[in-house]
Each structure stands twice: as structure tokens, then as C-alpha cells.
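J.: Could you put the whole structure together from the sequences, leaning on the hints where they help?
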Amino acid sequence: MTEALTRPAPVVTGDRLAGKTAIVTGAARGLGRSCAVAFAAQGADVVLVDLAADLPGVPYPLGSASQLAHTADLCAGYGVAAYPVRADVRDSAAVRAAVALCLDRFGRVDVLVNNAGIAAPSGKPTHEITEAEWQLMLDVDLSGPWRMISAVGEVMCRQRAGSIVNVASTAGLVGYRHFAGYVAAKHGLVGLTRAAALDYAPLKVRVNALCPGSVRDDPHVEGRMLAEIARSLEVPVAEHEETFVQAQPMNALIEPGSVAQAALWLASDESAQVTGAVITVDGGFTAR
Amino acid sequence: MNAQHSAQHPDPARLCHAAAVRLAADADPDRLADRFAAVTRRHRLAAGRLWVERVLAGLAATRRDAELARPLPAGGPDLRAVLLRHDDGADLVLVARRPALGRHRLGALLTELTQLTEPTIAVELSAVEPSAVGPSAVELSAVEPSAGDDAGDAGWLRGDPGVDRTAVHAVAVPAGTDLTALVAAVGAVLARYRGVRRPRVGAVVGERLTVVAVPVDGGARDLLATAGPGSPWPAPGIQAPAGLLDVEVGVLDADSTADAYRPCLAPVWPLTLALAGTTLACHHRTAAWAADLVEAFARQVVRVLGQVLAEPDRPLDDCDPLGDAERAAIVALGRGPGELPAAKDTIHDRIARHAATHPDAPAVSCAGERLTYGELDDRARRVARGLAARGIAPGDLVGVCLDRSVDLIAVLLGVLRAGAAYVPVDPAYPVDRVRYTVEDSGVALLIGAGGVDAAGLTGDGPPADRLGDGPPAEGSRPAQPPVGGPDDPAYVIYTSGSTGRPKGVRVPHRNVLALVDATAADFGLGQHDTWTMFHSSAFDFSVWEIWGCLLTGGHLVVVPHLVVRSPGEFHDLLAAERVTVLNQTPSAFAQLLDVDRRAAVPLAVRLVVFGGEPLDARMLTGWYDRHPETDCRVVNMFGITETTVHVTAQTLDRGLALAGSRSVGRALPGWRVYVLDPAGRLLPPGAAGEIHVGGAGVADGYLHRPELTAERFRPDPFSGGRMYRSGDRGRLLPDGRLEHLGRLDNQVKVRGYRIELDEIRQVLLDDPAALAVAVVVETGAEAADTRLHAYVVLADAAGSVAELRRRAARLLPDYMVPATITALPALPLTANGKLDAARLPAPAIPAADQAPTPADDAGLDERIRVIWQRVLGAEVGPEDNFFDLGGNSLLALRLLNELRDQGLADLTPRHLYLHQTVRGLAEAIGAAR
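Residue numbers (the numbering used here), protein chains in the order written: chain A, 74 to 361; chain B, 771 to 1699.
No lab work stands behind these hints: they were computed from the structure.
Predicted, not measured: the structure shown is a model, and the values here were computed from it.
Note that the Cβ used here is the ideal one computed from N, Cα and C, for glycine as well.
One or more hints might be untrue.
[Said to hold, decoys possible] Cβ-to-Cβ under 10 Å is the rule here; a few derived chain A residues that face chain B: (1) Gly116; (2) Asp118; (3) Ala149; (4) Gly150; (5) Gly152; (6) Ala154; (7) Leu176; (8) Phe179; (9) Arg231; (10) Gln232; (11) Glu328.
[Claimed, not checked] Using 20 Å as the maximum straight-line C-alpha spacing, the simulated DMTMM-like pairs for lysine to aspartate or glutamate come out as follows: (12) A:Lys277 - A:Glu343; (13) A:Lys277 - B:Asp934; (14) A:Lys277 - B:Asp781.
T.: Structural data, given as C-alpha cells:
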């Protein structure tokens, strides 16, 4: 690990989202935190949603309340309002309450980043997945984004404006061995993106998907997804980065900041006519 | 005509205002929240809870300003309260919707919330709302908007065509300024910009919205005399009362006891002036009001405020918004760059000098015949001698009625050499016009060809003659004393104008020399250039072509009459003669473009000068594809016969062409441009008025028409000398360039709206499907019968005008949408290359036969169709759209009356807007029965 990687990546400040309000799910750490901070640095007020607790059936610790509060502090440092909200994307009422808070406080919901998701239980062939494991994976990774969209959809349609960014994965485009549930959920999310985009296009509400490749577990955003994927594949954690890098055309893992910049562009009016798009940030992984 | 500032669905931020107070660090958030809940409940305000947030060190001001700027959403609560706690205390920020909570109630609410005592002694909010505001306690009149006066005159001010955003510009106003004085001052300035006597100014008075029609004939004090109740602010979901929010400028009071107050979170009106003490904050939308114009407007309002406060009885129209310094700056802005030394010689002296040093250089050619400068000089000398032999003396007028030939040029030069002035007469003109010119000018001699003799210029007319075969020159160039001086007339050209009989404009030598001196260096004119003489010698564009060429040593190619009429042959001539300087009217150039697009031969043209009529710069993009700006410079020049051909010059490029620039550029060196109001007062940049031209190009006047001369040629009060009143509408841009907005008499009234035919033309031309457009007005017996007709030349000859019509209907208010759009293969042009409106065909809607009466037993569809035909005066099919066929709101009412009278249905206009075809309407009526 070089010295450069131990410092946080610089965050570019500006007004690309000035006056806008964004809801980011899974905001306690990882890509969610990276997106939230990038948005706040560009002037967006943020509502930061996270379960902030462990989930029975998920074999690794999820984001904590402390991590969520830290994301809120990082955002507030850019002079915006940041509301941490503990909510489970499997719970319709909780999801609606989070959206209502955003609307009551700020008067509008401009951006939704559907980032919350789990990578495991995984690591087994398709027929070995239990009913409960399958249901849990789809409930969080596919139904969760749908619940969020159904909660903000009406608000955004009334506004005649809004941008929804679904954080899918290259697993939404290609298959991975021993990840059937995850791959199915992410493929479903890409399909949900395209269908919802058509539903809302006449009302100028946009829905796009981002497909990151293997994202480095940046310690500054406390990412750990790649490590969990490695563990599911029984790759030794000590050497997992090197293993994944070998599969990358650009010989590097994806930085969370790269994904956040793509999300920022999709969230902003700069992409005003982009909807139903599936954008890869994978260093060329799916180009082969 | 962008309707981005819709009054029907106002941006919610326009109706919001916000205030903040600083509380002590020990203010208890829970207690404040309880009190907030109690107070809002008591006053039945739709408000959420008090939001309490902790702000990181150093960000308190940032967060407070952000909260003050955050509007309430449409359909949301009436009030938002946020407590921002930080190290220095806490800021309580309230954002309120004005319809629910006005300025005084908001202030009272803040007071009540922050009182240390319990709210038992709180003031009753409803009781503190004043009926009026400020020490003068004025109620300003709320007026109904009308279609008269200033309606429909869009585009009077230049906004920034880029992104529409909002900005604020603050200025200091004199102490003692109140809302009444401000309304008066804004009205006085606005009246200048818009050229109206009762400008409409929006105002918020005592929490009520009003529009004041400010009578500028009266003083500020007189505004007190009118009183009206105004209107409440439009509540959420309720339309604003018509006209209340759609004025361009409005004022409101922004005094507040709060630590910070934002009177509006977006400009209530496109320019919203908020008065707080002696500070005036000018909130504006940049798409409607560019920042530099807001600055100027605010400065002028402040100047008038001083006058209004000092003399409240002084008529507002007499106030001076500019002051001497600003006036001098505007005069300087309209002055051409650089100095132009006064000419001391004559046209013929200069050409003779060039002939003496370059006798073998090519001078004039036409259809195979060529003259060198030496030969031209020789012929001109013989002509002059011949004229002298016939008794022509310096100062005489000599008519020249010759076909295009090298002789024509030699004769014109010979007339000048004789010390006389030429009066060009085009032999192609109708005999009556020729006779009128000859008789009106009283020429001492008419030099003509045989055709003119036969045309009836015998009898009492002057002797027709032909000087082609004068005696040969004796000796070689004996030293002749120069004849005449720079102030002697060089030519008299007849110009029609829009009304009255043609009149002769007398132009002296020095004007022509000044024109060439003003342009030669900039355009790089010299002996390497070959020019065409494309235009009739009776059209003053030819003055520029002939003398611009010969005075700079160029080679003049006289274009034969038949070649002028054939763009293909003309293009061949340009290539064969390697013409470098081409002068064209835009209409003629449009035809040449078409040929150039297909032509294989390269051209040597390095300079194209447009003149004679307004240019649509968009037509140039195709030209630039083949002739890039680096190879060929394209200059648009605005000019008038009375100011010696040209006045301004704008070098164009692809960017300006794509933007459809209307700029005609800055005045030429030595020329001056002023934009004046009807009272002859200088208007500031951005304001449209009548173009006046002073300086080196101003002609002597009209021949034998002293009254008309005195009326149009006035003393120049700004720079001395004389200036010419053009009858053209225009405005100066802040950088000194002039925008030409068409003839003043191109403004017509349709159904009470004052409209610009040029504006409609421009909208149609914006569509790439249209290559050329003409718009004419047909005046009917009744107001509703007045119709606009458009004629277009389509890029695709087989194309349809339907899409053009739909586009026009989208972009123009319905009273400006032409009733018919007729496709033509080409627009008819006059001999001078300008649009010949008289030769336009009848519009392409077949008139209905004798008004048929629908038979009672006919089907419902048929009976409705017949009524449509009668009302629209056109054939109507079952699927034809009412509005596509020229239907407007007045014709709609007539149609609905007929339907009712025939006992078919009693409908409102809304039905017609929902069902715009015969079939649709019939089905709707059938379903309702």
C-alpha cells in the first residue's frame, strides 16, 4: 500500500448540485459515503439512509450508526444540511418516512441514489442457495431500490424533475460463478432501471444505472464489499486485491471516487437528457 | 418571446420571502419548538415543526444564507422554521409564502417567537397588517391590464440569451425615498425605454399586489390621487389575477426589523426592485434583463428619484434619467471609431490623379469592352468638354439615363468633371417614373440613349443627348484647373420611401470621399481589387460600387442587365472576372447562394458587403462552408440614401450567423448614430427608438423640398452639424453596436396589439425549412378581419408549410401567427433587389363560395363544417384544425355564436381548444346531447 492511498482522495467542491436535495441509501460507508460526500461538496443537502445495524442472514457486519453519523459530519463540513436516517430498505413504511423527512425539511427531492445492497450470502452454486438466502438477497438488492423508487416517484413526478441513480454492478451485465442471487438481483435492477426510465421519461424524471466493477475497499470510506466477495469466493483476504486486479484491463481496482463522480454527473442537470442508461465504471472489465 | 416567466404558474420562489434573527446561545430549542407549534396553531398557519440543526464551526453564515434562499414548494406548507445552532448562538430562519404571511405578519411572528416572556401578551398577528405602507401611506391603484399601449411589444430590452438565472444588483437611493417615489421614478425611466405614456409598474403595497399605470404627464405627487385596493397574492394553486405578475418591473418594500430579510426568493417580476432604507436591491432574471442593462436602469432610476423627491410636482416625463455625463457617454458610444479628416478635393480630382500615375491599370469593363484608367480619364474629359460646349456650368444637374456600359461610367465621371452633379435615371424604369425624375429634378440636360427619346421625353422635356462621340481630346492632358470643391453636389438620387412621391437626395463630393476614406483601410481596398457594379445607377448602392472601386484604384466590372437577372450567369461572371469585392442585397445574395452551392468554379471574392435591406445572417452558414471567414470577409452594412449609402458596418462570422444576429455594427468612422425617443431625447443603450444619423454622411437635403428637408434633416444637438431622422427603429447595444429593428411603419396593429412584422418574419426564418420569408398585413373591414399573411421559400421545394405553421403557433402569441403561409419558388424582387410586396400572389387559402347556409337535414358534421367555412373564409375538411386554418380567438367567438344561433350547441371557447377539428367538435356536441 503506497503512501498516496493512505490519504483521502481529494473531493472537488462546486455548485453542480446547488439548491438540490439528495437521498442516498447505504450511506454509512463505502460507495454510499463516497457519493454523499461528493454530492455535499457540490452543494446538495443530503438525507443519508442506512440500516446502521447488522442483518440476520448476512454473514458480515453492515454499516453502523457511528459510521452513518460520520458520513453526515463529513457532508455537513461542506456547509450543507445533512440528515442521517436509520431505515431498512425492506420496510416500506420506514422508506416512506425517510422520503417524507426530506420533503418536509427541504420541500423537494431531486436525487435518489439507490446504493444500499448486500453481497452475501453468496459463494455457492445456484442449487445450494436456500429459499431464505434467495429471498433476503432479492429483498435488499432489488426490492429495496423498487421501494425507494415508489416512495420518491410521485414526488419527483409532481416536481417534473428528478434523477434516480441505481447502483447496480457489472454483475447486472454479466454472470459471476457462485453469485446467482446477487447477479440475478443486479440484472433485475438494470431491468428495473430501464422500465422505470420509460415510465417517468415524459415527466422529466430520469432513472439510470451505474455498474461499478471491482471497487477497492478504500479505508477512508470504510469499504469492505470486495473483501466480502473475496471471502465468498474463498480467496485469501490478504491477497484478494492482487487477485482481482489481475482480471482488470486497466490493471487497477475501481476507486469509489470514480463511481461517485459518475453518480454526480447522473444526479446533476449536466445529464439532463440521459435516462434509461446503464453506465459502467469498470475499467473495461465488461468490454471484453 | 420566451414565456419563461409565466404568470399562470408562477415559480413558487417568486411568492416566498424569508427572514432570520440571531438568538442567544442559551436559547432553549425545545421551548422555542413548543412556542412555534402554539403560535402557528393559533394563527392557523400550515407549518411543519421547528427544525433544529447543529452547524459546524465557521459555517453559520453559509447555512443561514442557504436557508434564507430555500423556497417553499408549490402545494406545500405556508411556513418553514429552522433553528441553526452554532458556537455564536443560533439563527432562527423563517421562510413564508406571501399569500399566507406578508411582510408585517412575518416580522410580528419573529418578534413573538423570540420574546423572552410567554406569548400571552403577544400581538395579534391579524391586527398588525397595515392597509398601506410607509410614511406616505399611499394606496396605489390596481389597474386592469389592457391590450393597448404597451402590450405585445416584446423584446424591447436585451436579455442574456444564455442560461436564465437570477442575479442581484444593489444601489444606494437618496434618503427619503419611499415606495411612491420609487414607483414614480421607475415609471419615468420605463416610459423612456418602452416609448409609452403610461408604463405599468408592479408594486406590493400593504401586502397587496397592484399594477400602477404611471401617468408620466403628471408628477409623483399626482400618484397620491389614485387609490385602489389591489389584489391579494395568489394562493397556491390559484392563478394570479391577470396581469398582476406579468409586468416587467415591479417594486416592493424590504424594510425589516429582522437581522436578515429576503423580500423574494426569486424575482417577483423579471426585474424586482426591493427598497430597504436607502438601499435598492435589483433582483432580475438574466434572460429578460442582462446585468449591464439592470445596472444602467438602476442608475437612471436613482437619478430620477433625486428629481422626484426635490420636485414632486414636476411631470415625470420632464425628469432626466441620464444626466450630462451619461448622455455624453451614450453619444460617444454611437460615434464611429477613429478620426476622419475632412476631404479637401473631389471625386473626379482623385480619380484623375490615379489615372495620371496608373494610366494602364484596368478601370472599367463591360461585356468585352474595357477601359484603362488613362482611357477612362480621356473619355470623361471629352464628356466634360462636350457638356461645357452645351452650356453645362458648374452646379448644374445632368440627367443620365443610360444602359449599363463602360460609357455609363465615363459619362458619370464626365458630368462630375464638368463641375455638375448627375441625376441617374434607370432606363428600365417605367416611363412615368423617368419623366417624374427628370421633371422634378429640373435637369439642365438629359444624357440618354435612343430608347429614352422615344419614351416621350420630347416636348417640354430637356434635350436628350448622347455624348459618346464627342470631339477627340486635344493634346495630352493639359493642366486643367480643378473644377469644383468637396462641398459641391456630386449626385441627386431619387428614393421612394414608404409614403409620398419620390424625392431627390442631394449628396456632395465630400460625403462620397468620406465614405471611401472611412472604409478603405479597414476593408483593405486597393488596385488589386475587382468590383462589380451590380446595382442600378439609380439605386445608391451603386454609388458605393462605382466610386468605392474607382477611388481606390480598383477594376470595376459593369454587370449587364440580363446577367443581373440571372444568378447563374452572374456567378460565371464573378468567376471569369475574378471579382474580389461583391456587393449584394440579401435577397439577391440568397439567389446567388443557391447557384454557388452547385457551382464547381472557384470564386476569388474576398469581401462581401450587404446593404439595402435587413440581412438574416443565418443564410450565411452555407456560404461559410465554401468560403471560410479567413478567405472571404462578410460585412453587413446598414445605410440610408440620405446618409450616403452606408452608416454602420458589422463584420459577421459563423457564430453571429448561427445566432441570427441583428446587429448592423458600429457607426463608420466619421458617422454618428443616435437612438432617440419621439420627443427627440437620447435613449440609453437597450431602449428601442428611432435611429438618427449624424456626421460625415449626412446629405445636403432633398432637392426642391425645403419643408421635407427641414423635417428630416435636423440640427444635431449632440455633436453639432446636422442629423438625419431615418424612420428606422433600432437600439444601441452597450458595446456601441446598433441593432436594426425594421421600419417604424412596419409596426402594425392587429386586434389592438402592436406587432412587428419583422419579428414574425424572424421567427419563421428561424426554422431551417424556410430560406426566405415575407410577412404582410391585410387590413379588413372589422378588427377580426385584419390578417397576417406569410410567404416563404422552402428549402425543400416539395415541402409543406404545416410544420412551419405549428412552430410559429408554438413560438408566437396567437395574434401574431399568420393566418396563411404560402410557399413560393422565389420572392418577387424590385429592380433594386428588395422585396416587391405588390407582386406577391394572393394567399393560398381558397376563398369560400357564397356563404352557404347549412341545410337543416344535413348531418351534424356537415352543418358544423359549413359554419366553419363561413367564419374562416376557407375550404374546411373534417380533420382540418381550426387554428391551423387561421382561426384566432375572435373568430372562435364568432364561430361559437353561429353554432348557438343555429341551435347546434352552446359552447365556450374551451370546447374549441379541446376539440379543434370539425369532426372532434361534432363528436363532442353529439356526446353532450
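J.: Restraint: A:Gly152 near chain B, CB-CB cut 10 Å. Satisfied or not?
T.: Hint on A:Gly152: holds, closest Cβ of chain B at ~4 Å, below 10 Å.
J.: Should the hint that A:Ala154 touches chain B count as held when the rule is a Cβ pair under 10 Å?
T.: 6 Å, holds
J.: Can A:Asp118 be said to touch chain B, with a Cβ gap under 10 Å?
T.: Nearest chain B Cβ about 8 Å off; hint holds.
J.: A:Lys277 and B:Asp781 were given as a pair; does the straight-line alpha-carbon distance stay at or below 20 Å?
T.: 17 Å, holds
J.: Given A:Glu328 as an interface hint, is the shortest Cβ-Cβ distance to chain B below 10 Å?
T.: 27 Å, violated
J.: Check whether the Cα positions of A:Lys277 and A:Glu343 lie no farther apart than 20 Å.
T.: 14 Å, holds
J.: Restraint: A:Gln232 near chain B, CB-CB cut 10 Å. Satisfied or not?
T.: 8 Å, holds
J.: With 10 Å as the cut and Cβ atoms as the points, is A:Leu176 at the interface with chain B?
T.: Where the cut-off is 10 Å and the nearest Cβ of chain B is about 8 Å from A:Leu176, the hint holds.
J.: Taking 10 Å as the limit, does the beta-carbon of A:Arg231 come near enough to a beta-carbon in chain B?
T.: 8 Å, holds
J.: Can you verify the interface hint for A:Gly150: is its Cβ closer than 10 Å to any Cβ in chain B?
T.: 6 Å, holds
J.: Does A:Lys277 pair with B:Asp934 here, judged by a C-alpha cut-off of 20 Å?
T.: Between A:Lys277 and B:Asp934 the Cα gap is close to 19 Å, so the pair holds against 20 Å.
J.: Mind checking the CB of A:Ala149 against every CB in chain B and telling me if the closest is under 10 Å?
T.: 6 Å, holds
Taken one by one, the earlier hints fail for this structure only at number 11.
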